[in-house]
Amino acid sequence: MQRRSLITSGFALIALLAAGLPTTSHALDAYDMLAKTLGMSKDQMEGGLGSVLTLAQEKLQKGDFDKVASAIPGASGYLEKAKSLGAVTGKLTNLAGLNGALGKLGIKPDTASKFLAQVPDVASKVGGEDVGKLLGSVLK
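Just so you know, we're using this note's numbering here: the sequence shown kicks off at 2 and counts up by one.
The hints are simulated quantities; they were obtained by calculation from the structure and are not laboratory data. Treat the hints with caution; some may be incorrect.
[Claimed, not checked] Have a look at the derived ranges for each label pair, beta carbon to beta carbon:
id : residue 1 : residue 2 : range
1  : Gly104    : Glu81     : 27 to 33 Å
2  : Asp122    : Gly75     : 18 to 24 Å
3  : Ser42     : Glu130    : 16 to 22 Å
4  : Asp131    : Gly40     : 15 to 21 Å
5  : Gly40     : Lys63     : 31 to 37 Å
6  : Gly129    : Asp33     : 19 to 25 Å
7  : Lys134    : Asn95     : 26 to 32 Å
8  : Gly64     : Lys37     : 15 to 21 Å
9  : Asp44     : Gly137    : 21 to 27 Å
10 : Asp33     : Gln62     : 17 to 23 Å
11 : Asp111    : Ser71     : 19 to 25 Å
12 : Thr90     : Gly129    : 29 to 35 Å
13 : Lys109    : Ser85     : 26 to 32 Å
14 : Glu81     : Gly101    : 28 to 34 Å
[Said to hold, decoys possible] Calculated cross-link-like contacts (lysine-lysine; reagent style BS3-like; alpha-carbon spacing at most 30 Å):
id : residue 1 : residue 2
15 : Lys92     : Lys134
16 : Lys105    : Lys126
17 : Lys109    : Lys141
18 : Lys141    : Lys84
19 : Lys92     : Lys43
20 : Lys134    : Lys43
21 : Lys126    : Lys109
22 : Lys92     : Lys141
23 : Lys134    : Lys105
24 : Lys43     : Lys60
25 : Lys68     : Lys141
26 : Lys68     : Lys84
27 : Lys37     : Lys141
28 : Lys63     : Lys141
29 : Lys63     : Lys84
30 : Lys109    : Lys60
31 : Lys134    : Lys63
32 : Lys134    : Lys84
33 : Lys126    : Lys60
34 : Lys68     : Lys92
35 : Lys60     : Lys37
36 : Lys92     : Lys109
37 : Lys126    : Lys68
38 : Lys141    : Lys60
39 : Lys43     : Lys105
40 : Lys126    : Lys92
No residue lacks a Cβ here, since even glycine has one placed at the ideal position from N, Cα and C.
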């Protein structure tokens with residue numbers, strides 16, 4: 002059942018991206034679609050994405066992080082959302098810290114794993130392959 006949901010979310014993301022919407026809509030809609038498919042609330046998605054971006058900000062060189070942040074509309078808002086929801090209370094330097102932040106948002110480990118696996122793919126589709134690779138490198 003979960004595998005079917007992931008496959009369905011993949012097809013939904015492809016259809017969404019093929020619809021010819023502006024890039025900004027692609028990113029926001031694609032992440033919203035992913036969150037809905039995984040049963041995450043809007044706050045969990047936004048805080049989760051902010052947590053991922055916080056880790057990326059810590060681990061990537063400034064120019065690389067800027068490339069990632071510019072590909073995700075509202076990236077600074079997501080960073081702030083993660084803080085305001087209490088997910089990020091300091092530096093995130095590794096996956097254990099990121100998983101802890103996601104847990105503070107009420108995201109179960111299984112869901113967090115699926116979310117983190119899909120974030121670089123969505124980033125690749127909306128911001129280009131380089132952006133997806135940069136985010137993927139942070140999540141290893």
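We went through each hint and held it up to the structure:
1. Separated by about 20 Å at the C-beta atoms, Gly104 and Glu81 break the suggested range of 27 to 33 Å.
2. In this structure the hint that Asp122 and Gly75 lie 18 to 24 Å apart at CB holds, the actual value being about 19 Å.
3. As the Cβ distance of Ser42 to Glu130 is approximately 30 Å, the hint placing it in 16 to 22 Å is violated.
4. Hint check: Asp131 to Gly40, Cβ distance near 30 Å, so the stated range 15 to 21 Å is violated.
5. Checked against the given bound of 31 to 37 Å, the beta carbons of Gly40 and Lys63, roughly 35 Å apart, stay inside it.
6. Restraint check, Gly129 to Asp33: a C-beta distance of roughly 20 Å satisfies the suggested window 19 to 25 Å.
7. A beta carbon spacing of about 19 Å between Lys134 and Asn95 contradicts the range 26 to 32 Å that was offered as a hint.
8. One distance hint, 15 to 21 Å for the beta-carbon pair Gly64 and Lys37, is violated here, with the actual separation near 33 Å.
9. Taken as a hint, the range 21 to 27 Å holds for the pair Asp44 and Gly137, whose Cβ atoms sit roughly 25 Å apart.
10. Distance hint check: the CB atoms of Asp33 and Gln62 are about 29 Å apart, inconsistent with the given range 17 to 23 Å.
11. At about 31 Å, the beta-carbon gap between Asp111 and Ser71 misses the expected band of 19 to 25 Å.
12. Distance hint check for Thr90 and Gly129: the Cβ-Cβ separation is about 32 Å, which falls inside the suggested range of 29 to 35 Å.
13. Between Lys109 and Ser85 the C-beta distance comes to about 22 Å, which lies outside the given range of 26 to 32 Å.
14. Distance hint check for Glu81 and Gly101: the Cβ-Cβ separation is about 19 Å, which falls outside the suggested range of 28 to 34 Å.
15. For the hint linking Lys92 to Lys134, the alpha-carbon distance of about 22 Å falls within 30 Å, and the restraint holds.
16. Between Lys105 and Lys126 the alpha-carbon distance is near 28 Å, which keeps this suggested pair within the 30 Å criterion.
17. A hinted pair counts as satisfied when its Cα atoms are at most 30 Å apart, and Lys109 with Lys141 qualifies at roughly 19 Å.
18. Between Lys141 and Lys84, the direct Cα distance comes to roughly 23 Å. Compliance with the 30 Å bound is thereby established for this hinted pair.
19. Our distance criterion of 30 Å between C-alpha atoms is met by Lys92 and Lys43, whose separation comes to about 23 Å.
20. A hinted pair counts as satisfied when its Cα atoms are at most 30 Å apart, and Lys134 with Lys43 qualifies at roughly 25 Å.
21. Under the criterion of a C-alpha separation no larger than 30 Å, the hint pairing Lys126 with Lys109 is consistent with the structure, at around 26 Å.
22. With a C-alpha separation of about 17 Å, the suggested pairing of Lys92 with Lys141 holds against the 30 Å cut-off.
23. In summary, the hint linking Lys134 to Lys105 is supported, as the alpha carbons are separated by about 26 Å, within the 30 Å threshold.
24. Proposed proximity of Lys43 and Lys60 is supported: the alpha carbons are some 26 Å apart, at most 30 Å.
25. Taken as a hint, the Lys68 and Lys141 pair is honoured in the structure, with Cα atoms around 19 Å apart against an allowance of 30 Å.
26. Annotation: proposed proximity of Lys68 to Lys84 holds, straight-line Cα distance about 22 Å (limit 30 Å).
27. Annotation: proposed proximity of Lys37 to Lys141 holds, straight-line Cα distance about 24 Å (limit 30 Å).
28. Only pairs whose Cα atoms come within 30 Å are accepted, and Lys63 paired with Lys141 is accepted, the gap being roughly 19 Å.
29. For the given pair, Lys63 sits about 20 Å from Lys84 by alpha-carbon distance, which is consistent with the 30 Å threshold.
30. As the CA atoms of Lys109 and Lys60 are separated by approximately 24 Å, the hinted pair is consistent with the 30 Å bound.
31. A threshold of 30 Å between alpha carbons decides the hint, and for Lys134 with Lys63 the separation of about 15 Å falls inside it, so the pair holds.
32. Simply put, Lys134 and Lys84 have alpha-carbon atoms about 25 Å apart, close enough for the 30 Å limit, and the pair holds.
33. With a C-alpha separation of about 22 Å, the suggested pairing of Lys126 with Lys60 holds against the 30 Å cut-off.
34. Among the hinted pairs, Lys68 with Lys92 is consistent with the structure: their alpha-carbon atoms are about 20 Å apart, no more than 30 Å.
35. Under the criterion of a C-alpha separation no larger than 30 Å, the hint pairing Lys60 with Lys37 is consistent with the structure, at around 28 Å.
36. Proposed proximity of Lys92 and Lys109 is supported: the alpha carbons are some 21 Å apart, at most 30 Å.
37. For the hint linking Lys126 to Lys68, the alpha-carbon distance of about 14 Å falls within 30 Å, and the restraint holds.
38. For the given pair, Lys141 sits about 11 Å from Lys60 by alpha-carbon distance, which is consistent with the 30 Å threshold.
39. Restraint check for Lys43 and Lys105: satisfied, since their Cα atoms lie roughly 15 Å apart, inside the 30 Å limit.
40. About 28 Å separates the Cα atoms of Lys126 and Lys92, which keeps this hinted pair within 30 Å; it holds.
Of the numbered hints listed earlier, those contradicted by the structure are 1, 3, 4, 7, 8, 10, 11, 13 and 14.
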